[in-house]
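Peer 1: Residue strings, one per chain:
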Amino acid sequence: MKNEKYDMGDIDIAWCPGCGNFGILNALKQAMEELKIEPTNLVLVSGIGQAAKIPHYLKTNFFNGLHGRALPPATGIKASNPSLTVIAESGDGDMYGEGGNHFIHTIRRNPNITNIVHDNMVYGLTKGQASPTSRRGFVTPVQVAGVILEPFNPLAVAIALNAGFVARTFIGDKEQTIEIIKQAINYKGYALVDILQPCVTFNKLNTYQWFKDNTYYLEDSYDCHDRNAAFKRATESDKLPLGIFYINPEKTPFEENTGVYKQNDTPLYSREVDYGKLESLISKYALV
Amino acid sequence: MKNEKYDMGDIDIAWCPGCGNFGILNALKQAMEELKIEPTNLVLVSGIGQAAKIPHYLKTNFFNGLHGRALPPATGIKASNPSLTVIAESGDGDMYGEGGNHFIHTIRRNPNITNIVHDNMVYGLTKGQASPTSRRGFVTPVQVAGVILEPFNPLAVAIALNAGFVARTFIGDKEQTIEIIKQAINYKGYALVDILQPCVTFNKLNTYQWFKDNTYYLEDSYDCHDRNAAFKRATESDKLPLGIFYINPEKTPFEENTGVYKQNDTPLYSREVDYGKLESLISKYALV
Amino acid sequence: MTNPSTKKGNDISIVLCGQAGQGIQTVEKIFTRIMKSNGYHVYATKEYMSRVRGGLNSILIRISDKPVKAFVDRIDILVGLNKGSIKHLKNRVTSETLIIGEKEVLSDEIEDKQKVFDIPFTEIASGVGNKVFSNTVAVGALISILSVKPEDAINCLKQIFKDKPKELIDKNIEALKAGYETTVKLENFYSVKIESPASGSVKKQILVNGSEAVGLGAIAGGCNFISSYPMSPSTSVLVFLAQKGKDFGVLAEQAEDEISAINMAIGAWYAGARAMVTTSGGGFALMTEGVSLAGMLESPIVIHLAQRPGPATGLPTRTEQGDLDLVLYAGHGEFPRIIFAPGTLEDAFYLTQKAFNLADKFQVPVFILTDQYFVDSYYNTEPFNLKECKVEKHFIETSEDYQRYKLTENEISPRGIPGLGKGLVCADSDEHDEEGHITEDLELRIKMVDKRLGKLDLIKQESVPPVLLGPENYENLVICWGSTFNIICEAVNYLGRKDTAVLYFNQVYPLHDGAIELIKKAKKTIVVENNAAAQFARLLKIHADVKVDHNVLKYDGLCFASDSIAEELNELL
Amino acid sequence: MTNPSTKKGNDISIVLCGQAGQGIQTVEKIFTRIMKSNGYHVYATKEYMSRVRGGLNSILIRISDKPVKAFVDRIDILVGLNKGSIKHLKNRVTSETLIIGEKEVLSDEIEDKQKVFDIPFTEIASGVGNKVFSNTVAVGALISILSVKPEDAINCLKQIFKDKPKELIDKNIEALKAGYETTVKLENFYSVKIESPASGSVKKQILVNGSEAVGLGAIAGGCNFISSYPMSPSTSVLVFLAQKGKDFGVLAEQAEDEISAINMAIGAWYAGARAMVTTSGGGFALMTEGVSLAGMLESPIVIHLAQRPGPATGLPTRTEQGDLDLVLYAGHGEFPRIIFAPGTLEDAFYLTQKAFNLADKFQVPVFILTDQYFVDSYYNTEPFNLKECKVEKHFIETSEDYQRYKLTENEISPRGIPGLGKGLVCADSDEHDEEGHITEDLELRIKMVDKRLGKLDLIKQESVPPVLLGPENYENLVICWGSTFNIICEAVNYLGRKDTAVLYFNQVYPLHDGAIELIKKAKKTIVVENNAAAQFARLLKIHADVKVDHNVLKYDGLCFASDSIAEELNELL
Ligand SMILES: Cc1ncc(C[n+]2csc(CCOP(=O)(O)OP(=O)(O)O)c2C)c(N)n1
Ligand SMILES: Cc1ncc(C[n+]2csc(CCOP(=O)(O)OP(=O)(O)O)c2C)c(N)n1
Ligand code: SF4
Ligand code: SF4
Ligand SMILES: [Mg+2]
Ligand SMILES: [Mg+2]
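Keeping their order, the protein sequence lines are chains A, B, C and D.
In our numbering, each residue carries its 1-based index in the first sequence increased by 1157.
In our numbering, each residue carries its 1-based index in the second sequence increased by 1157.
In our numbering, each residue carries its 1-based index in the third sequence increased by 403.
In our numbering, each residue carries its 1-based index in the fourth sequence increased by 403.
Bound conformation, chain A alone (with noise of 0.2 Å):
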């Protein structure tokens, strides 16, 4: 299948080869001719990093803004107007450590947006320090004697947290990766995609193999309605399982709880000022 809506044709790409970011922009383009999202309607917004540099290397609306800042500008974006697709995906340093507090304050909101996190557990545009993903040992330019902090973990923490839709990929397997961004993207609610992806360049540790030898898939037979199981299988940290930990089927997204779509469902770029109103708000002050 050709992804022909979203392809930018020619462009010089800043991923080294063989990067599983290339792999990720492949899923996420089929993920979108598939559900047959118009670009026009696509709003990506990103971070500063190599993942957050996505944006530039497909036809969509983006906003590629400051460094661990994507999830905030997706939240005002979706909540100004409900009827944009809005993505927020990002790199594990961006995403989990200089943006951590939104990660934990936008998963309490709730907004209904995908977040896609490109998870090769180093930090890559800066050249391969440890990242809050990275495994304890790993040895870094900074982290000299190895990495002593304990992993980061996205999914058990999401889950703590009791956001709506909570799940693992592997970028080494595309099929699935499409799959569950796809159902991350119809979740209405705020969705965690985390995916596994090697960074050839700075992660010599947790390579394709790595991932491959270190993963495998929640059982066909699990639940994943069960949120004290989710956690227990979030937590597993000899294989990390694949798929989907956690979904909560009974959230209400952020923009309809927040009542200014109640009456009204216009973007808000397409309401005017109620002078009428404001005036007899006004006149009030003149009153005791």
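Honestly, the hints are just simulated from the structure, not real lab data.
Here a beta-carbon is modelled for each residue, glycine too, at the ideal position from N, C-alpha and C.
Label pairs and their in silico Cβ distance ranges:
1) B/S1427 to C/K950: 49 to 55 Å
2) A/V1301 to D/E590: 47 to 53 Å
3) C/E791 to B/F1179: 49 to 55 Å
4) B/S1440 to A/V1301: 20 to 26 Å
5) B/D1395 to A/K1193: 42 to 48 Å
6) C/K950 to D/E749: 35 to 41 Å
7) C/D948 to D/E791: 39 to 45 Å
8) D/D650 to C/D844: 42 to 48 Å
Derived DSSO-like pairs: lysine-lysine, alpha-carbon spacing no greater than 30 Å straight-line:
9) A/K1284 to D/K561
10) C/K863 to D/K950
11) C/K534 to B/K1361
12) D/K854 to C/K449
13) B/K1441 to D/K649
14) B/K1434 to D/K790
15) C/K926 to C/K944
16) D/K923 to D/K944
17) A/K1408 to B/K1369
18) D/K607 to B/K1441
19) C/K863 to C/K793
20) D/K647 to A/K1361
21) D/K432 to D/K518
22) A/K1434 to C/K432
23) A/K1441 to C/K569
24) D/K486 to A/K1216
25) A/K1284 to B/K1441
26) B/K1434 to D/K561
27) A/K1216 to C/K764
28) A/K1434 to C/K607
29) C/K649 to A/K1345
30) D/K449 to D/K518
31) D/K927 to C/K924
32) D/K950 to C/K923
33) B/K1284 to C/K574
34) B/K1419 to A/K1284
35) B/K1419 to D/K647
36) A/K1408 to B/K1361
For this one, chain A is given, so just place chains B, C and D with the ligands on it according to the hints.
Peer 2: Below, chains B, C and D with the ligands alone, put in the same frame as chain A:
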């Protein structure tokens, strides 16, 4: 028992009569007395808020820093002089809201500090807006239609981050609070004590009575070494369990892991630069 | 009020002093409304400690037959509800001051020669049925001294309590009457009578404080999105828009921190909303990276910054004009901005409203720089005229070949928004090409810098000129900006010198070109600022190339007082 | 090198161009070391794109018999390893430039009249056994042109590879020889011969870049704590201290974000460590609240800020002097600071070392302001003299009645640290009393402001005076600051005018008082800056009260070049 060592005498305390903060202040003083920690050896690190004023009300070294920023300086202090007892203490808004990213990553870093959170489920100092732990529906001057965000569950998140010591107490039970503070301080690593504390002025929902009605004690048979069980109990929301949820006795603290104290256990302030070594390092740059 | 018993004063200053949570705000609210509804000009402001209960706070109320809009040190009447009230205000209480209170409470502090009305508020209130009514008792006492008839006050009281149970209203009326009667029966009672202005125009005027004026201006400017994090003294604007904005479809979200707040608001603008943030210095410091983002994205954003004394946490409930430099240079890299500093309620309304249009038009950050004194002060003013307001939406419907950063003749690239039109809207924080894609073309870099910085000239053409007040042929010029304006104005008016004018800047950056000439015309220039480092004087030096002769500075956390500053200015003139 | 075959040049500029990850850095490293070990003065700097692989990067190397420390546009020899190399450098390649490369790769771009040495690097390397050796082949080609004997180069090569397997060393030697021989056998071969300086002094000199100089200076200043978050181009200092600092007991921690980094470092100082942070503009924007905290706590803190072009993400791997204003005014509220901007490696070392002592002494933030150009450039320089270094610890052992913020005669309150002595150390971000407790005493507030701001005068007394170079009786003064110094210096030297001097500021705030006189003496002043808004000129206007005549600005993300800027200056003089 009189807490003379820590007593400030007749001072003007800016808390409202009946506020739960008084109980926490007393519990803290008593715990410190009982542990026989000298005020000159204790550093209390706080942010900004009603809770964060606590260092001004007992005799101690303190670092009363910025809103949301108690944990980074606490880490810096402990790492620069491990012989000090370091407590990072602040409100729920400070620690889980503004300071959320430090909360996550300090747990990962695991310095040997105690993190005491006055959890009144509201922003006290700024007059009653919702805090991250505010319950759904809580009406405030800003959350005019009630809170719509999922309440932040500090215990579940800490357990998801594999914190080494995770506990919750209610200041209505001073004895348990003292006991748990003592254990937290004795734990070698990052220890979280979330203390439920009524704000009698701005939180008319989560009152003393409400906390009494909506909490219960973890049973004696509860095994606090089982992370999955701990998670399950932490996510209970009908009634909030009290006690120590989780202890992981196998962690080593950050400052030890840095290696800086391996050969030399003196605090950084007493160290001298080895100029001979530096000279030879510099001279290496003359070689090819 | 040198001799209040005989003088028909026309400008009475009343100070209420008490603990936080003690009800001085209730007294203030009822009393000012009564006076306004009786046709008087009123003004009020508060100073308070950073604590929820206890401490000592005070409220200054002025009642006059002419407009009053400024803080004065002078206290004609002090209502002391708590121990320590007189001590708290020791620098302002004189032998002229009439002290009202319960002798028991204040006796330690009262000096021999002082005039005192001893009124047992609590006892009277208990007589009515509950200590809580002592506030209304105090109001009764005040209106008696101000020669307002109880009936006139009661009508107003009924209005204020109209949604309350009848019993409560009756009790309050009773309390007011009791307070009135006890006072007029005092052995040493005396009163003043201000003639209320005949026109009755005050009654139709509105009573709003600075933060309400900013909030109303925001709604008038089409604001439909606010994301912010609470921080004194800026929270009131968030609260206002959460409460009143609801009826106008304003989405008000409390963010997890200030970084989120500004990034969320910039995202909202990207999608076509009209967004603002409100914060104070420390919160704004955290937003500065976001300000730089707006600079690079060429995103509109409106930032209300209510200043308080720093550095760091500083004095959270006090006032200062200490963040001008911060706002001027906030954000890494170079890009233009607009800074308003309203000094009147009208300016706060109209400039905030205008801020949204300018932000949208020039695609730059626009600041409303206020301070604690400004947001917490109010006086009666003409209802804001909405005929002068228009929401100018500057975004376009895009065509297929749309380029977000198109190089045009006038530096401005038409702003598209996603989902409106056939084009794609690509906003990029890296240096970018016309489409919005990352570029390393360093010649294009130069063009993009020129384009961004070039907007400053366009902006300047629309700068609001400073306001000159006083004689045209002045020798001395007293220069002020922002919240100090009404105070300075009253002070210079009071001096009544034919050689001295006031120049007031409500837009402090970029400066209107006309400012230079006005300043250079003066033989002597004095800049008055509520800070220690004379930041605006520095700005004038750089951007208007003028060196001022005197800096009058104040940095104890309080605003200037028109009576004291008048003296100080007189010495310099 | 107008005719390289005959001319004995004494200053050759060589540019290596290729993709990221393509090995031009290996060529640079080997070649510069060979030349230095043969007694030549060397200089190198790089310019690169923000990507890990691909794109086009270039390295300029200069070889001379005299010290060379500046960027030049002129390219005498271009080694093009990739397609696009010539195009990438089109503005700098002239008909004088000798192009070395594989004709196949570069043929499209080579113009008729151009001098070309066609050397099949890859083919030769494959002959040796592996394409990877093509870097060493290129080195062989270069040394042949520079008339270095292969034996002399091989000795050095052995040193560089001394920890590598013998086979690899041999292969590299073979590759170098093959490159050498192929080149000298070229039909159109010609070479230059620079006499190496007789003294041989270069050999004993060190070769460090800007970030190493800062890192070494930090260790010399007693730095034992660094907490930072990676950000180009500042990361190299974090990396340096993590790697080399290990042996000096430096605790190097990568924080979760910049806010944590600075707060952690301030905490470390509180407990007696000597801490620094390293960051770039965007990261620093996030630290500004922390800077204000240091201002209020009166905490020492050393901040290295390596600038890159903004706003926002901007051009992450390029250079600019665009954050001076930001650093000057960062943080809400008013408090003093010190800003160094080293322009030489020596200054980077000594001023960084000094920064720790000054931060400790005056209890203020001290900045080291560099930029991408500075941190990535190197040349041979005298080994830093540690005799001039001393760690001055200014903290005290406390007594029982210790007060952290004691009002003293000279504004400085002795700094205690917890656990050392009998006193308690109370650090408070609120306005505080002498003990460190929150206060609402507004008279004390004034004293505390005066104390904090008063330190600026003390600091000024120790300010580093600007360096004047050139004739004493100058008419024209070319003013520069920070990283542009060596470039401007070479340019003005080249012009050789008796009427023109250079004034170089390595401390840009507070300015040394002597600066004013030096500037006012000139009839014409020119400020050269790597930014668009002339920020330093503005600083001079405010703080030295001088108005400059010309601003020479550059903001395309590249540094100035001494040859081009010489021409530009000549026109202005
Ligand atoms: C405020 C700020 N701090 C630091 C940086 C530098 N920076 C850019 S990308 C990055 C890390 C990227 O890591 P990750 O998000 O994992 O993305 P990857 O490159 O691995 O895909 C950093 C530290 C920045 N741009 N802004
Ligand atoms: C950067 C910054 N943002 C906001 C504030 C204002 N502020 C001070 S305390 C506080 C909330 C306090 O809530 P919490 O931490 O729960 O403490 P409490 O008062 O309830 O004990 C806020 C928002 C601040 N001081 N600094
Ligand atoms: S550095 Fe790593 S993550 Fe970045 S493009 Fe290269 S392989 Fe991919
Ligand atoms: S506002 Fe609430 S938390 Fe603060 S002192 Fe009063 S009761 Fe306690
Ligand atoms: Mg990554
Ligand atoms: Mg709280």
